[in-house]
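Each protein sequence line maps, in turn, to chains A and B. The numbering used here numbers the first residue of the first sequence as 1 and each following residue consecutively. The numbering used here numbers the first residue of the second sequence as 1001 and each following residue consecutively.
Honestly, I wouldn't trust all of these hints.
Here chain A is said to cover these stretches of chain B; the calculated rule only asks that three of the stretch's residues, wherever they fall, bring their Cβ under 8 Å from a Cβ of chain A [stated by the list, open to error]:
| id | region |
| --- | --- |
| 1 | 1007-1018 |
| 2 | 1031-1037 |
Some, not all, of what chain A presents toward chain B, calculated at C-beta under 10 Å [what the hints assert, rightly or not]:
| id | residue |
| --- | --- |
| 3 | 37 |
| 4 | 38 |
| 5 | 40 |
| 6 | 59 |
| 7 | 63 |
| 8 | 64 |
| 9 | 65 |
| 10 | 66 |
| 11 | 67 |
| 12 | 71 |
| 13 | 79 |
| 14 | 83 |
| 15 | 89 |
Since the hints were made in silico from the structure, they are not lab data. Glycine is no exception: its CB is placed at the ideal position from the N, C-alpha and C atoms.
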Amino acid sequence: MTDKTSRVRVLVGTRKGAFILTSDARREKWDVSGPHFGGWEIYHMKGSPVDPNRLYASQSSGWFGQVIQRSDDGGQTWAPMNNKFVYDGVPGTHQSHDGTAHPWEFKRVWHLEPSLTEVDTVYAGVEDAAIFRSTDGGTSWHELSGLRSHGSGPLWQPGAGGLCLHAIILDPANSDRMYIAISAAGSFRTDDGGVTWKPINNGLISPFLPDPKADVGHCVHHVTMHPSRPSTLFMQKHWDVMRTDDAGDSWHEISGNLPTDFGFVIDVHAHEPETIYVVPIKSDSEHFPPDGKLRVYRSRTGGNEWEALTKGLPQSDCYVNVLRDAMAVDQLDSCGVYFGTTGGQVYASADSGDSWAPIVRDLPAVLSVEVQTFV
Amino acid sequence: MTIRVVLPAHLRVLARVPGGEVTVEVTDGPTQSTVLDALEAKYPALEGTLRDHVTKVRRPFVRFFACSEDLSHDSADAPLPEAVCTGKEAFWVVGAIAGGSLGDQYRESGEAGAFIDFSQGRLQPMSVSSMAAERLAWVSKIHCSWWRR
């Protein structure tokens, strides 16, 4: 329930540091804290649902590699945690861009997903693609190697951003079930807490593959889920917006009347599980909005029928991109929707997308956006 | 013995050392390995930022200098120069593509990764005002070649 004491905290990762934006429930005036970790790339920050003041941040640099930061006071102070991500056993090879075998090499953490029930448990999706888990608040990391070793690893290949595991979705109704997505391998599911995994890409069609309907090799850009319907997932693929209602066993396309079904982000309304949002991007070779118009598209029907949301967004000469982890929603009664751009703007809507305003507009390129709600 | 180590600004922030230099104690004959071991033991946040956790191989964009010499490609187990062992000279950790502060600021702050003159094969911090455009281009070219390594 939203009341006078309700507030939101927006965690923004950028190419040159982290920023924390806070506001009350009106979401009109924002305090900006940062840059934290100035000069470093912050691929992702996220708070624990168990203790919202427990934040995890992925900090990295081409020079000095990966750092994991943890805050126990909502981002006021931070401490570097263990950054040792070592693959289990002999890492083996995946495909390089040219199809040749390439040894698995850890590069960075793309996504941190805190446990829904344990404050010290957090999952890390990394490049080269793998999933790690810490059960001690980031003091140590261990690979859930059943994903990488289940057999199709040698067929995985990097997308333009690298061979990254960028999405981790925890099933709130079944603690043994998780979903992950890799660009470019596809989506996978575990039903035994991460011991074994299987690809869940039936229904995806990727014309660039020798077999467009292959089990693996699909360039999934992002996947999202509403917690009340954990078997329904929405996917923004390289091209195509997709949906499954059987936990990924089969997917079908819901691109409908979108002006282009290429894009990166996709998210679900906090209170309406059939209301979803995407930001169409012109093409895989032109990563900016069609016609220079930044438009969020909303479907209130779970896909296929989409409406352009433009109020408050630039409708001419806009050529930013919105990256895969750069959209989030808050939990207030009037659902807030947020997204960040490669131009350094973070736009917010306090009315489910009907109108938008930049809450900060001159940050470094935004890599990720997460929102915490305090009611 | 006490070894002086100059860290780049980002790593000083990460290790929470405000000054320009840190010191580490190394027994026996100091080498890159023993100095880095001591550095990581004293500042655990630096583990993995200079060299690989497991293989101990130097990260590609991290360079080591001492006594005006590039030691980056020396054996990690080779003895460090005598001047480093005696504390007369520091062991420098430098981010490839030197950048950051200018020479004067370097002198005031001990900033590592400052503009550096390699033309004489020496480690010589410079003020940008004294650096001719041709020299800057030349340095940039050299640095670009580092990127490709």
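Against the structure, the hints:
1. 1007-1018: holds (count 4)
2. 1031-1037: violated (count 0)
3. 37: Given a least distance of 8 Å, the restraint on residue 37 of chain A holds.
4. 38: holds, 8 Å
5. 40: holds, 7 Å
6. 59: Where the cut-off is 10 Å and the nearest Cβ of chain B is about 9 Å from residue 59 of chain A, the hint holds.
7. 63: holds, 4 Å
8. 64: holds, 4 Å
9. 65: Cβ of residue 65 of chain A sits 6 Å from chain B, so the hint holds.
10. 66: Since chain B brings a Cβ to about 7 Å from residue 66 of chain A, closer than 10 Å, the hint holds.
11. 67: holds, 7 Å
12. 71: Where the cut-off is 10 Å and the nearest Cβ of chain B is about 15 Å from residue 71 of chain A, the hint is violated.
13. 79: For residue 79 of chain A, the interface hint holds, since the closest Cβ of chain B sits about 9 Å away, which is under 10 Å.
14. 83: Cβ of residue 83 of chain A sits 5 Å from chain B, so the hint holds.
15. 89: violated, 13 Å
In this structure, the hints that do not hold are numbers 2, 12, 15, in rising order.
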